[in-house]
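K.L.:
Sequence:
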Amino acid sequence: MTDYTIGYIVGSISSTSINRRLAKALEKVAPEGVTLKEIPIKDLPFYSPDYDGNFPEVATEFKKAIEDADGVFVVTPEYSRSIPGVLKNALDWSARPYGEASFNDKPTAVIGTSQGGIATAAGQQHLRSVLLHYNALVLGQPEGYIQSTPGLFEDDGTVTDEGTAAFLRSIIEALVTLIARTAPAEVPAV
Numbered sequence: 001m002t003d004y005t006i007g008y009i010v011g012s013i014s015s016t017s018i019n020r021r022l023a024k025a026l027e028k029v030a031p032e033g034v035t036l037k038e039i040p041i042k043d044l045p046f047y048s049p050d051y052d053g054n055f056p057e058v059a060t061e062f063k064k065a066i067e068d069a070d071g072v073f074v075v076t077p078e079y080s081r082s083i084p085g086v087l088k089n090a091l092d093w094s095a096r097p098y099g100e101a102s103f104n105d106k107p108t109a110v111i112g113t114s115q116g117g118i119a120t121a122a123g124q125q126h127l128r129s130v131l132l133h134y135n136a137l138v139l140g141q142p143e144g145y146i147q148s149t150p151g152l153f154e155d156d157g158t159v160t161d162e163g164t165a166a167f168l169r170s171i172i173e174a175l176v177t178l179i180a181r182t183a184p185a186e187v188p189a190v
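Mapped onto UniProt numbering, the consecutive letters of the sequence shown carry residue numbers 1 to 190.
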C-alpha cells in the first residue's frame with residue numbers, strides 16, 4: 001500500500017475554532033498509511049501584487065507545503081454565507097505569482113462544520129468556485145457538511161459519535177482514491 005501525506009488548511013485562525021477540532025478529528029480517524037499535516041495560514045500577510053517579485057518566506061513555505069502534499073483538505077467555517085477573509089487571503093497567496101498556482105492539478109477535498117443545520121454549505125460552494133478556478137481537482141462526493149453539536153469533537157480531535165467518525169473516514173478514503181486515480185503513471189525502467 002502507498003503511504004499518503006494529506007495537508008490540511010483550517011480556514012479559521014480562532015483559538016477556539018470548531019473547524020480546527022474537525023481537522024484534528026480527521027487526523028485522529030485517518031486510516032493507516034495516511035498522515036494528515038496542517039498547512040498553517042495565520043502568519044501570512046495580506047496578499048498584494050507588490051510581493052510577486054519577492055515572495056516572503058512564509059508564503060513560499062505555504063505554497064511548497066501545498067505542492068509537497070499528495071492531496072489537501074480545506075476545512076472551512078462559513079462567515080456571512082461565504083469563506084473567511086483569512087482563508088481567501090491564503091488561497092490568493094497559493095495562486096501567485098501568475099502561472100504558479102500551487103493547487104493546479106492538486107487533489108483537494110472541502111469540508112466544514114458549524115452549529116447551523118446546513119453547516120457550511122454556502123461557504124463551501126464559494127470555496128469550490130475559487131479552487132476550481134485554480135484548477136484544483138476538487139472531490140465531488142461525498143460532500144462534507146458537518147453540523148457541530150456540543151461535545152461532537154473534543155479538543156484533541158476525538159469524535160464522540162461513531163457515525164460521524166465513519167463519515168470522516170469515508171471522506172478521507174474518497175480523497176485517497178482521487179489521489180491514486182490522478183497520480184502520474186509510473187513508467188517502468190527499460
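Hint data in this document are derived by calculation from the structure and do not stem from the laboratory. Only a predicted model underlies this, so the values are computations on that prediction, with no experimental measurement involved. Idealized CB from N, CA, C, for every residue including glycine. It cannot be assumed that every hint is accurate.
Only pairs whose alpha carbons sit at most 30 Å apart, straight line, appear in this in silico DSSO-like list of lysine-lysine [claimed, not checked]:
#: 1; residue 1: K37; residue 2: K63
#: 2; residue 1: K63; residue 2: K28
#: 3; residue 1: K42; residue 2: K28
#: 4; residue 1: K42; residue 2: K63
#: 5; residue 1: K88; residue 2: K28
#: 6; residue 1: K88; residue 2: K42
#: 7; residue 1: K64; residue 2: K37
#: 8; residue 1: K64; residue 2: K42
#: 9; residue 1: K88; residue 2: K63
#: 10; residue 1: K37; residue 2: K88
#: 11; residue 1: K64; residue 2: K88
#: 12; residue 1: K64; residue 2: K28
Quick list of simulated restraints, FRET-style, between CB atoms [stated by the list, open to error]:
#: 13; residue 1: P45; residue 2: G140; range: 45 to 51 Å
#: 14; residue 1: P45; residue 2: Q115; range: 30 to 36 Å
#: 15; residue 1: E32; residue 2: Q125; range: 31 to 37 Å
#: 16; residue 1: T2; residue 2: T149; range: 32 to 38 Å
#: 17; residue 1: D52; residue 2: T160; range: 43 to 49 Å
#: 18; residue 1: K88; residue 2: S170; range: 41 to 47 Å
K.L.:
Hints first: check each against the structure and report whether it holds.
P.N.:
Hint by hint, here is what the structure shows:
| no. | hint | in the structure |
| --- | --- | --- |
| 1 | K37 to K63 | 14 Å, holds |
| 2 | K63 to K28 | 25 Å, holds |
| 3 | K42 to K28 | 23 Å, holds |
| 4 | K42 to K63 | 14 Å, holds |
| 5 | K88 to K28 | 27 Å, holds |
| 6 | K88 to K42 | 12 Å, holds |
| 7 | K64 to K37 | 13 Å, holds |
| 8 | K64 to K42 | 16 Å, holds |
| 9 | K88 to K63 | 14 Å, holds |
| 10 | K37 to K88 | 20 Å, holds |
| 11 | K64 to K88 | 18 Å, holds |
| 12 | K64 to K28 | 24 Å, holds |
| 13 | P45 to G140: 45 to 51 Å | 33 Å, violated |
| 14 | P45 to Q115: 30 to 36 Å | 31 Å, holds |
| 15 | E32 to Q125: 31 to 37 Å | 33 Å, holds |
| 16 | T2 to T149: 32 to 38 Å | 35 Å, holds |
| 17 | D52 to T160: 43 to 49 Å | 46 Å, holds |
| 18 | K88 to S170: 41 to 47 Å | 28 Å, violated |
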